[in-house]
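Asker: Knowing the structure of chain A, use the given hints to seat chain B on it.
Chain order of the listed sequences is A and B. For the first sequence, the working numbering begins at 1 and goes up steadily by one. For the second sequence, the working numbering begins at 290 and goes up steadily by one.
Just so you know, the hints here were simulated from the structure itself, not pulled from any lab data.
Listed below are the simulated EDC-like cross-link pairs for lysine to aspartate or glutamate, each with C-alpha atoms no more than 20 angstroms apart in a straight line:
hint: 1; chain 1: A; residue 1: Lys179; chain 2: B; residue 2: Glu417
hint: 2; chain 1: B; residue 1: Lys474; chain 2: B; residue 2: Asp499
hint: 3; chain 1: B; residue 1: Lys474; chain 2: A; residue 2: Asp185
hint: 4; chain 1: B; residue 1: Lys420; chain 2: A; residue 2: Asp185
hint: 5; chain 1: A; residue 1: Lys179; chain 2: B; residue 2: Asp400
hint: 6; chain 1: A; residue 1: Lys179; chain 2: B; residue 2: Glu366
hint: 7; chain 1: A; residue 1: Lys179; chain 2: B; residue 2: Glu365
hint: 8; chain 1: B; residue 1: Lys501; chain 2: B; residue 2: Glu342
Quick caveat: nothing in here was measured; it's all calculated off a predicted structure.
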Amino acid sequence: MTTLDQPLATLAAPAARSKPARKRWPLSLTVGVAILIAWVLFTILVPPLIGRSATDVVYGSKLLPPSPLSWFGTDALGRDLLVRTAVAFRYDILVAMTSVLAAAAMGLVLGAIAGTAPEWIDNLLMGITDVISAFPNFVLALAMAAAFSPSPTTLVLSIAIVFMPYYARTTRAAILTEKNKPYADAARAMGLHPIRIVFLHLLPNSVPYTMTLIATDVSGAIMVTAGLSFLGFGVQPPDAEWGLMISEGNSFIISGEWWVSFFPGVAVMSLISAFLLIDLGIRKIQQKF
Amino acid sequence: MTGPVDRDEGVRRPIPVLEVRGVSKVFRSGGSFGAQHMVTAVKDASFEIRPGEAFGLIGESGSGKSTLGRLLLRLEEPTAGQIMFMGTDIAHLTGVQLRRLRAGMQMVFQDPFNALNPSMTVRRALAEPLKIHRKLRGAALDAEIARLLDIVGLSASAQGRLPREFSGGQRQRICLARALALQPKLIVLDEPTSALDVSVQAQIINLLVDLKQQLNLTYIFISHDLSVIGQVCDRIGVMRRGELLEITSRDQFIVNPETEYARSLRDAVPEIGRPLPDFAAEKAA
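Bound conformation, chain A alone (with noise of 0.2 angstroms):
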């Protein structure tokens, strides 16, 4: 008996200890999702608590090392550059996040447009994005940056255009599906207006296929926002943006005041890796359904 027991149960173990591992939340989910949130606190808490605005100035407080009295030191002009790094973090996330969300409305339209149009608008909708695809991301967004006056909405706007191209041939592609199925036919058939058609039976139904990237975008679009304000092209000063305070803190460097570019590097970084590890999450969360 005892010996018809033992492969059972051996067999049996295994296949109970797998179940709960399937169910498990990602653990990059998890992460990216708390770093998210640290930020958030972060950036409601520190200003209150420290008693300082991002730009005060404390005279006689210029380019202090970090110590117990400012946790990240002072820049060039005596600002605490904790509440400064704090208070960055709004910028950085309403610009990057506000322009991914405009470049998949943007291209969610001119892909169903293009899914549905005669062929010739078709042609030129995706000859456009092409175009646009064609430049790497950062220098078309910095020479549209450029060639008009540098302000978030001029930010926002450059960062759209240059990251719809993937959300209009996605929606164009899912569109171009959706189409065919029968309940297209029988929406049709219903004598539904074309229009009503697409945005109201085909377009909801292709959205998901878009929305894979939209994190991944976000941490890109960080990325642009940071390196455009870096060069002068986005946030303006006084005001806090990571790419600036970086700009700001990059001529002392060499000089030994390390900690004015430090910090808002490791807040670029640290926001990056938190969309990175949110899309990965989702990947693997899609992966298991």
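Answerer: Using the frame of chain A, we list chain B on its own:
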């Protein structure tokens, strides 16, 4: 007219709901480079549908019966011919006029899993045609949705749910309710049961037969399944390679089909107790 002879002619002739005259459909593939490929899916089809009848279209796969069904609803553009629906030629209508007339014809599709918009609840799917074509609002809308679900045998609690929460048979009932929402003069049923289990098939067939009697509906029933066609249809059109070979009444079809092909289709229905054809003897001969 060089179409097949309608042997049921002259019995009683009310004004037809639909009159098809010499309709053809040619699909072209290939293009600027290489040889152009032409496939004639429907060749010079002519027939008419009278109010209250169930017209069966049979034929093997690829015989053009589905294409013909789609042509009637203008889901495909006919290459030639006239499609008279309630006295208007719809073969070349566009825009508003086409949309208005379309509401008078509805289609139930073969694949109930793709025939409903996956992101629309049952209520929204049914409310859409009611709002747009019948201008129903508020309490009248609620009452009509409840009535439609009731006549196809679904409970009112189905309203808030999405198509993926239903089985194939239930989805086909939803599709039927959606088709009935517009009070169509004609319903084209494109193999409505072939994607379903046999037991569910019977339920849907019974429902179709009941609804036809209750609401005095007119059907075009496309199928390759003769036993299903036999239960529902009064007249049968036999298609082969895009041609409508013959149109007969169901009884004629069972007793004495005109063409050889129709006879072979009839005899292909397996029946319990009937001996299988002697293939060995055929081979020897």
